[in-house]
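Make the full structure from the sequences, and use the hints.
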Amino acid sequence: MMMCILFIFILAIFWVQEEDNFSQIKSFETRSKNESYDRQGVVVNHSIETDEEDFHIEDVNNEYKEDKEEEDDDVFDVAQPPQKEFTCAPWIPAEKRKILMHSLLQRFTSWEDHQDGLHVKGGESYWSACIHRALVDLGFEVEMTNEQTSKLSVDGDEFQKLERGDIHRFVTDSSSGGQFAGDIWGKPDLLCKVRMMSWWPAAKRPKHEFSISPIRYDEVATTSAHFVPFFVHAALTDPPIKKMIPRNRRAIFIFDKLCGDLKHDVIRALDNAGFELYFQCQNSRLPNGLDDIAGNFTQFENLFDTPREYQEKILQKVAMVLGFGAPVDSPTALEALYNGAAFLNPEYDPPFESHEVLPRTHMHKALKNLGPPYVYNYNGNYLNTRSHITANNYKGDDFSTKEDMETMISSILEVAERAAAQPFVSYTPADYSYESVKAHVCANIIEYDPCWIPGQT
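The numbering of the sequence shown is this note's numbering, which starts it at 24 and goes up by one.
No lab work stands behind these hints: they were computed from the structure.
Among the hints, erroneous ones may be present.
Cut-off 30 Å, straight-line C-alpha distance, at most; resulting in silico cross-link-like pairs (DSSO-like, lysine-lysine) [as the list claims (entries may be wrong)]: (1) 121 <-> 286; (2) 391 <-> 286; (3) 265 <-> 388; (4) 121 <-> 144.
Fair warning: this is a prediction, and the values are worked out from it, not measured in the lab.
In structure tokens:
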């Protein structure tokens, strides 16, 4: 009897539970028909049918949002604004990220001024604009000044700013320290914060641990910390070049610092071979005696105000740029490659020395091993005999300039024909990409400390 009663009691409990589960399923089905959800599963509609007075989910959601906004307001009242994240030297706080660039030779130009043509012409100005742009993009405030100063001393404003900690680095073009007063050399704690921009290392401009150069001089560099390259400005100002630019494949720009140093025989040989010739003569003129073929030339009297003018009027018109000895290591060679023009690079065997440069094997040393279709080295030994770069090791009566002239012309014509037959769209050596330049500016101007001794804290 007791067993029957217990069995009936358990069966009743089971039946009540089943009824409750069935009611929940029906309630869910009814709710599903009357509600809609967004992709995150939040109810966005509307009302649920109940026996009670209708209520709306929006009311519940709105009340929650109001409470949440009040909580958020309380949080933002006490929170600090987020700090900017720096990829270069992130340990330097924002208020200390200040650089002074001061040109003793009056050649520094900001990135903006250089693009607007408000600058001194030349590679030094081009390079300073590159460094200025990279420093700003790396999160530094840059002050740039140009002032002719005979000597810089520890009492000067520049070094006082360093000593007070107002600036992180002092960047100058002092020819590796020639315009620094003697008292500065006795303060290594200040000198370690100085970077001296030097384009051409030479005996009169020896490398210091504080000097930087846009060219990697493997033969003379004591550390890679000296290398701070430039980049082609158009890489940031213009859309990337992805298609072949139409041009005369036999157009050649003869690139020389002084047009008066060009030789009749070279110009006539190129003209006779059917090449269209471009010249850019600053403060000089082509040699006399070329009037009969001058109608075949495109000649510009001065340097262009902006890099864009240079590429539009010359570098995107010609198929190649013939380097003719000077200026050495110029940005023009890199700009030519970027715009799809090959560079014909004179090489010297044996290397020559002069009052300006250390032993030199090529006009543009950074490109000497690049090879076709971008760079073609040619026999340029004749160029060493010219008056403004007379080579010390070529002094003597046994040097045959006529023979070397003929060898050079033959070599130029050979590589010019090869360059004309091998077009390319655009090329930038890896060292001279913008990202590479930023990395070297960060490492060798900002982070590198020539006075740090391993083991010190």
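Next pair to validate is residue 121 with residue 286; report whether the Cα-Cα distance is within 30 Å. violated (49 Å)
Residue 265 and residue 388: Cα distance at most 30 Å? holds (27 Å)
Would the hint linking residue 391 and residue 286 be met if the CA-CA limit is 30 Å? The given pair, whose Cα atoms are some 24 Å apart, holds under the 30 Å limit.
Holds or violated: are the alpha carbons of residue 121 and residue 144 at most 30 Å from each other? This hinted pair holds, its Cα atoms lying about 27 Å apart.
The earlier numbered hint that this structure contradicts is number 1, and it is the only one.
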